[in-house]
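Visitor: Using the sequences provided together with the hints, build the complete structure.
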Amino acid sequence: MVTHPNLVKKLIGMYLVQTSIIFLLVTISAKQDATVPILQGNDAVLAEGDDVDPAEYANPLPHVLTLTAIVVQVATLGVTLALVTAIYRTYGSLDEDELLKRTE
Amino acid sequence: MSYQYPAIIFLIPFLTAICMPVVCRKKRDWCRPIALAAVFAMSAAALANLLNVLDDGETRYVFGGWLSSSASVGVPIGIEWVNDGLASIMVVVISLLASVCVIYGGPVVSHSLGTRVVHYHTLILLLISGLVGIVFAGDIFNLFVFLEVVALSAYALVGVRGGKALMVAFQYLILGTLGASFYLLGIVFFYAATGTLNMADMAQHLAENPELMTSKAVIGGSTFMFIGLGIKMALFPLHGWLPGAYTRAPDAISPILAALMTKVALYAWVRIMFWVLGAGTEIGQVHVLSLLGVLGALAAVVGALLALSQQDVKRMFAYGGISHIGLILIGVSQGNPTGFAGSMFYLINDAVMQAGLFFIAGAAIYRHQAHTVEEWSRLRGASPWMTAALVVLGMSMIGIPPTGGFFGKWYIILGAMEAGNYLAVGAVILATLLTMAYFQRLFVSVFRDSQASPPAVRVETELSLRLSVGVTAVTIIILGLCSDPIISFFRTTASSVGL
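From first to last, the protein sequence lines are chains W and Z. For the first sequence, this note's numbering puts the final residue at 104, and the numbers step up evenly by one. For the second sequence, this note's numbering puts the final residue at 1499, and the numbers step up evenly by one.
It is worth saying that the hints were derived from the structure and are not from the lab. Quick caveat: nothing in here was measured; it's all calculated off a predicted structure. Ideal Cβ placement from N, Cα and C applies to all residues, glycine included. Heads up, some of the hints might be wrong.
[To be verified] Covered stretches of chain W, as calculated for chain Z (at least 3 residues, CB under 8 Å):
id, stretch
1, 20-33
2, 70-79
3, 88-100
Guide: What follows is the structure in structure tokens.
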């Protein structure tokens, strides 16, 4: 969709690329039979120094990265929408071919 | 105190950028002095930091004190910044060039941006703080965040004037975001393979498990990272966004973009290439450095050829920048300290030269409405200072001693000879000849006696324009004269990463 002449479609294509990478980031944190990374059941009341089995908990770091990546994505989307709005206000069109012809 | 320098250098422009729209909402005249104070303070801190690093060796700044538990020594859990010799020199270059760009910005900004001076100063400070972050980052995800901070402020800066620049800003944004997404994809693969994001820790993991280097995750990850950063550094087949963005960007903004954006992306790749993957890497069956050398040679020659065919002067300089990214890559990829030191030195020189050339191009448009090569004939006589600086910078672009550009190219060629890579030597020489050809065109146009040009009215430009252009021209000569200590410093850096 990034090659589509309509600027909004381009924007959607860009957004899809970013979102799919974020999904990939989430999937690598998943483990079989694992739960949320908060100490559960007996682990929560155990004293410091006891072993906690990491295999029981999902990896929290990719989720944190995902949050940061989403913030970056939102900021990018904000700037893109601002640019698209400004382009539409100036030229009254969102068709790339026409815009390129007029900005020559 | 001295331990805190990296954070201080970053926070000065960052906090100023955040406060600027609030403070200057009513009083637009304040933003320039505030921005100047911020960049000067930052340059002072950067110089102090450099002296500190030269005295005491590298330090690692650990954010929030999230240092390792005693189990795994030296690996922080949180974000880490590496403050070593290469990084501190780059930060000095960034902060000094940023100061010169803000000085230059004054008259040109009020001429071309009108009431948007507050936007300009806020965004430019954000851009600078992001660049500092990229240079210091010791964590590949942190590097991604700063890459996006820099990129977002750059898109906004290109489009800040509105009008025709909006369209190129949009194209730049789409390509730049795709680049950043590829880089993020690379991070995901690397994280899946090694389970860490810290560069030093990752390098250790990769060294301990050599079978990882042939795994699909690392092959795919490093390919995606290289493509992503390749878009950011405008490496030849991926350079599409650059000429339009630099040409159409407001004249006060193209110097800082041209000087720093692509170079810092290249620096980020050098960090990953030598500090994470290791110098002698073969990924899959491919020897990475030889591949980089071929890509660099291609970029150097094709960039210079494209520059030769341009009419618009700003566009010509933009293609010159693409060609120089290729030259730097050639030097880095020779796999010996000479080539590495030469290209790091050339990287600094190229940042100064590009800033100076775009200063002159901006001033020519501002003062003489001269956009194309033919129109540049108005410069001669009208502004002798500018023309003199143009000659010095042109000599450096071509590579004539005693300018800094000569020594950079000299060591790159020496490095290529040492490696026995005569293709690379040929590419550097061919690129040099082509550079000479397009500067010849420019010089002919400026110095030719033509009847058509009107009698020269001496229009001396503002002090700040003359100052910034003069400073870059003098710096390039000083860099040339002091090339020896800088080169030997970079040689020790190169040998510390196993070249």
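Visitor: State for each hint whether it applies.
Guide: We went through each hint and held it up to the structure:
1. Look at the stretch 20-33 of chain W against chain Z: 4 of its residues bring a Cβ nearer than 8 Å to a Cβ of that chain, three or more, so the hint holds.
2. For the stretch 70-79 of chain W, the stated coverage by chain Z holds: 4 residues have a C-beta nearer than 8 Å to a C-beta of that chain, and at least 3 were required.
3. For the stretch 88-100 of chain W, the assignment as covered by chain Z holds, since 3 residues bring a beta-carbon within under 8 Å of that chain's beta-carbons and 3 suffice.
Violated hints for the displayed structure: none, as all numbered hints are satisfied.
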